[in-house]
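Please model the complete structure; the sequences and the hints are all you need to start from.
Chains as they are written, first to last, in this note's numbering: chain A, 139 to 341; chain B, 286 to 1115.
Be aware that one or more of the hints could be misleading.
[Claimed, not checked] Calculated cross-link-like contacts (lysine-lysine; reagent style BS3-like; alpha-carbon spacing at most 27 Å):
1) B/323 x B/794
2) B/298 x A/188
3) B/637 x B/298
4) A/188 x B/794
5) B/298 x B/928
6) B/928 x B/794
Hints listed in this document are in silico derivations from the structure and should not be mistaken for laboratory results.
Given next are the chains, with one letter for each unit.
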Amino acid sequence: MSTLDPAGPAAGNIATLWWVMFFGAVVLFALVLGLLALSFLRPAAIASIKPMHWIIGGGLIMPVPILLGLLIAALLLGEQLLPKPGGVAPMRIEAHASQWQWRFAYPDAPGSAETDVLHLPAGEPVDILVTAEDVIHSFWIPRLGGKIDAIPGHENTIRLEADEPGVYRGICAEYCGEGHETMGFVVEAHAPADFPAAVGAAP
Amino acid sequence: MSPKPTSPIALHKALEKIWGTPSGWGRLSAVNHNILGKRFMVLALVFFAIGGILAMLIRAQLATPNSAFVGPELYNQIFTMHGTVMMFLFAIPMFEGLAMYMLPKLLGARDLAFPRIAAYGFWCYLFGGTILIVAMLAGYAPNAGWFMYTPLSSGTYTPGINADVWLLGITFVEISAVTAAIELIVTILKMRAPGMSLTRMPIFGWYMLVTAGMMLIGFPPLILGSMLLEMERAFDLPFFDPTRGGDPLLWQHLFWLFGHPEVYIIFLPAAGVLSTMIPTFARRPLVGYNAIIVAIVAMAFLSFGLWVHHMFTVGIPHLALAFFSAASALVAIPTAVQIFAWIGTLASGRPKFDIPMLYVVGFFIVFVCGGLTGVMLAMVPFNSQAHDTYFVVAHLHYVLVGGFVFPMLAALYYWLPHVTGRRSVYSLSVPAFWLILVGFNLTFFLMHLTGLMGMPRRISTYPSNWGWDWLNLLSSVGGFLMTMGFALVLIDIIMQFRFGRRTSRNPWKARTLEWAMPTPAPSYNFAAIPEIAGRADDLDVNVLGRDLAGGKGYLGFTRADRQETLGVDMMSGEPDQVIILPQPTYLPLWTALATGAFFLGLLFKLYWLPPIAAVVVIVLFFLWTRPLGARRNMGPIDIGMGKAVPVDGEVRDNVTWWATLCGITADTTLYGSLLFGALYLALIAPGWTDPAPPLDWLPAIGLVTALAAMALLRRAEVLNAGNRSPLPLLLAALGLGAITALALLAGMLRIPDPTSHANLSLRFVLLTYCAVHAGVAALLALHAALRYRAGFVSAVRATDIRITRAWTDYAALAQLPAWAILLLLAGGAR
Ligand code: HEM
Ligand SMILES: [Cu+2]
Ligand SMILES: [Cu+2]
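Shown next as structure tokens:
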């Protein structure tokens, strides 16, 4: 279930981003509170800093480069996760949410049936087309990547990939009424050769 | 005729007789800011306790996996009410109360600009909050989450009364937020002590000015959204229903257009408290006064451009994501400016420690952490993982508890001696602090991890095999520790009232004006109003307090049993008028009761009641103005210190005028949100098929008559200024206003089946909006005519006519964008 135990490239990148931000945050936190502690415990050590320098140093010089770097990194990462035009179009899978269940369909696998379990080919990206019938839900497989909302009247796409065949868990992340916590689903990633059989498609 | 000097005691008695509030049942007629500010705060603390009990229920349920303590049905009500109570019934009213109590004292005024409106706001808050709590006890609490996403909150999926309770109850409470915003803005701009130019104002005044300005334009989108959703639920007019041209995302935009600024609206007053307190304990003036003002103004602007960061996962174009992500990260800068201004103040001062400082340190620890996770959440890829999980629950409590509850606790310990005149009992204060700090971090720090391990928010239970068990158990233990801490604080407060040592006047050796008065504060605050010659956060208040009590200063006397205070020029702080404030009255209570009847009628679908209640409210408001104003011109009157200024009714730049402009500003944002919604649905939302019936031109009569009324009122103003009777023109404007309203009403009724598609329901509300405004313009013309007849209006006492003119202008001009959109809708939009 954990986003810190990634099983796909999207989740992996985000976990890396998290660890970078986490250690950065620890340093900044220690810095700010260290200065605060000094002002009480060892005022002499920092008394020479001019009042305005606190604001310019702490309010501008320190945060601006950090924020800029972080934004650029996150932006590049976001680009990578994006369904890109051109290249081979990945397989499409439809995820349809309703209170309180998920149904999955495989338009690119002729002859396949609708399933309750989400079947994926492992080792290749898939585009999940997410829709909802009644209220807003949210499609989320923590170990594979971020979430995308299922909104009635809208169709959203998220690109995910499972590195290895295996069983993962999906969950509805947006509060959708009384059955919200029951709206989980099982994700089975298959070796590409086994995938058509799993969804009952002609091989 | 300058009155002769009196002894401090005699002066106190004379002022208290005029400004005091009757006892017993007469307390219900209170309009004094001392009483109302305290009432707001006490009631807010009651709601905090209720919200806290709900939080304990949540933690009890989640302490163990597969818990059967409360089922999902109840759990959903509990977490919705917890969020709603904490945000709308605790946080906002809490700082409103603090500002109402403190601002006049910090600024050197004897009361707020509109004491009766403050009382009306309080009753609206009490009654609206009561509706929510009673509904909860009866088992009909809202259950769609505190942000009430449609379609879950729409009639189809929440058929019962639960969502209506939220929409109507909260809108009722929001009346008090909008009135408080207007009240605070006008008080800050116009009622400072003479000599206190804007650049000398204590920093808390700046914080509250910015906050109140944000409230003025932040709340209307929510009020509009609530009205639209209630119309969809009650009358089936589609706005959010995707099957009839609506879009659920419109609700999210309207909600977060309010909801994001809301978070800063809650934080800024708390930051203002810190900026006031820290210099006292650092024993030096605040570092970077100007930089902080720039920072908070920047924060206010930025906060209105960030709302989409609550919607990163709804499927927004990538470029927009990048923009909102950058804007969200940018707010870290003005925040950092303030944090370092505070550290700089401490570092370059000679800091001393006391109970309030404990909570200030607690604030630093908790809030800095919340700010850092905020920057993380602003990064879109990370957000897509953490959104809607316990990571967000942790983040939001770190900023709300760190950025609001800790500063408020500091404020409590700092200013309670002002209210009680006693010192705190230390033996309990310190352990209470540690319980709260440790309990808080135990509860919420772990939630970051729970969230990263995949636990979504708002689930009533979870299976035991996902590694969340021990985290949740520890969170629950922490929650109960924290509750014990809060209970100790409560006992501590009671102890202080009962056993605290009587304190000297200024126990912290602060240098701001609120300490230049006896404690507990007298009803009139200052026996005389000081002249301020430097920065108002660096005054020798002990000397000043003695002088003022002796009547040395402005208005250090009583006159004709009137409640007099001073109004000043907005920028320079030169005194320019004597403001005469109203006496205690039951009118606010009656008006709020009638307003309550209006909302209850809507809630229980007794649709005969709201129109009656509305008429009663209007009649009552007509009665409000009767004690105001004068029938003759008085000219400049003595204010002491060798100066004389006119009374407020005889100057143009008076508080009523500014309140009118503020009101129109709030109304414009409400309307702007409606226009935004119409454009959004017509141009951006998916699934817009075009039935597009042609435009009905009949209501255009209303545009012509409204423009004519506008011209008439301009002429009426000129006639009045030339000492000629504007009465016929006012009556003609009244007639035109009525025709306008009727023409627009006819237009509404002629729309074929407005429930069939958003294209038509939008036309319906646009016409409704214009019709209501035309109706109000007509009523104001009537009011001005009555005031003229009764002799309250003259060439110099022209406020009644001027505000009628301003409103009529607005009502007429508001029709123009409505017609533009009507044309667009009839043209088929796409
Ligand atoms: C007294 C200690 C508090 C505890 C133990 C606590 C606990 C919680 C928990 C566990 C949740 C998550 C519920 C869920 O997602 O199922 C929650 C939600 C929330 N809390 Fe608190 N809370 C506390 C104080 C506060 C305060 C002081 C505020 C605001 C000023 C606040 C505002 C909120 C909001 C807005 C939500 C979101 C509600 C929703 O999802 O609709 N809480 N709280
Ligand atoms: Cu769902
Ligand atoms: Cu759900």
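Checklist entry - Which numbered hints does this structure break? => result 2, 3 and 6
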